[in-house]
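If you want the building blocks of each chain, they are given just below.
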Amino acid sequence: MRVTETWYLTLSALLFTVGFVGLLVRRNPLVMFMSLELMLNAVNISFVAFANKLDDIAGQTAVFFVLVVAAAEVVVGLSIVVAVMRRRPSITADDLRSLKG
Amino acid sequence: MVDVIVFAVAGLIVLAGGLGVVLNSNPVRSALSLVASFFGVAVLFVLQEAHFLALVQIVVYAGAIVVLFLFVIMLLGVDEVEDLSIEPLSGQRIGGLLAGAALLVFLLGGLFLSGGDEGAVAVTGTESVTQPIDETQPNIDNLATDLFGRNVLAFEATALLLTIATVGAVVLVRNAGAEDLSVDEPGRADH
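For the protein sequence lines, the chains are H and U, in the order given. Position 53 (the first sequence) corresponds to 776 in our numbering; numbering is contiguous. Position 183 (the second sequence) corresponds to 189 in our numbering; numbering is contiguous.
This is chain U alone, in the form it adopts within the complex:
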């Protein structure tokens, strides 16, 4: 019973945070709603015994990624309210909502119509193909055994990926050829 209550509260926070991201006109509020949503997801991870992922979810997502978002918002000074009442591309909203409704029907239909037993259990597949979860060990030991055993090459590849992303970010925002670029910057009306 406790887990039902925890799921309900965390699920509500996740969905409310998600809606807050989409519906807020101020990007800073969107980012803070995103934090709430991430925390809800972390609670759901704890509920499913994925303790390490819950921790990483908070540290990496709610910590690093959202701080990066806020940093960029503040750096660019775009933390002003965006007028959401104008719809520059006519039919964009209605089209987006229709596409979203279609996607939702598709997903929930697949979930509830495919059910084997009790009508709504869509999870099929062979159990424990790669590595069963050893309940006697901590979650992080289970994850580490799989990560550094079967997936060690992929893990190395992510190190390369992060290096490439860092170098790419530096190259993209480096102010090379500033003379050429600054011509059409605002505040340089003298040109």
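So that you can see chain H by itself, here it is in the shape it has in the complex:
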């Protein structure tokens, strides 16, 4: 028995689904961000699997860029959470509907 890329893609699909359900179900914005990170990681797994299978380094380069964008996204997202939570502590994502004005 050998680990093929199908195994990696299956695991990636499972992890992506876990993150997706977490993003939809949880209401704490911090946990929602973490679920988003899980989804990004699932995509990274499949990128590396494709890079290996197709013998092309571009898949690994893509993971590198995903990492950078994820870091930027977390920084901006968390600062939005901090800015909002300063005004209303123990916020949930539902409370953000007050942004409608």
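Don't read these hints as lab results, they were simulated from the structure. Some clues are possibly wrong.
Stretch by stretch, here's where chain H covers chain U in the computed footprint (C-beta under 8 Å, at least three residues) [stated by the list, open to error]:
| id | region |
| --- | --- |
| 1 | 21-29 |
| 2 | 43-50 |
| 3 | 54-64 |
| 4 | 71-78 |
| 5 | 108-114 |
| 6 | 134-147 |
To give a feel for the contact side, a few chain U residues facing chain H, derived at Cβ under 7 Å [to be verified]:
| id | residue |
| --- | --- |
| 7 | Val10 |
| 8 | Phe13 |
| 9 | Pro33 |
| 10 | Leu40 |
| 11 | Leu82 |
| 12 | Arg99 |
| 13 | Gly102 |
| 14 | Leu117 |
| 15 | Gly131 |
| 16 | Asp152 |
| 17 | Thr164 |
| 18 | Leu167 |
| 19 | Leu168 |
| 20 | Ala171 |
| 21 | Val173 |
| 22 | Gly174 |
Glycine is no exception: its CB is placed at the ideal position from the N, C-alpha and C atoms.
Add chain U to chain H, keeping to what the hints say.
This is chain U only, laid out in the frame that chain H set:
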């Protein structure tokens, strides 16, 4: 055989960590489950000979990003247990689970039904379009050749992106106009 065992263990850690993030009611535990999941992913990267990415995965994700999460959780003092038994938006959970199941069926269906040979090999495409992986060189050399050759402009753009993100974070959390903002802060009941 060894790689099957490593894959099984790392895959279990990845999935258990992912479920831990979603199911834990305490955000700190969620963040720590996230670390476990990231470490599992790093092991999978090593298994696929992507050594540099495994290192960066641990340093950037498990190090920097999760520490940022924990820092914000502690800063805001929201490290308390959230009551998960209440479902404020009726049907949210069932809807989320249904959407997740549909997505999973979609993904796995695409993976296993499209298979060319042996029924379950969904990887199609031309091999080595941009740059083949040179097995005689270290992984980091391969990655650097592609990153600083073909993708050098994108690399420069990420520098700009990170600068913008940093400036944006400073602007967002800067306490400008604190007098106006602090009116409805808790503990200022005198207003």
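For which of the previously enumerated hints does the structure constitute a violation, in increasing order of number?
21
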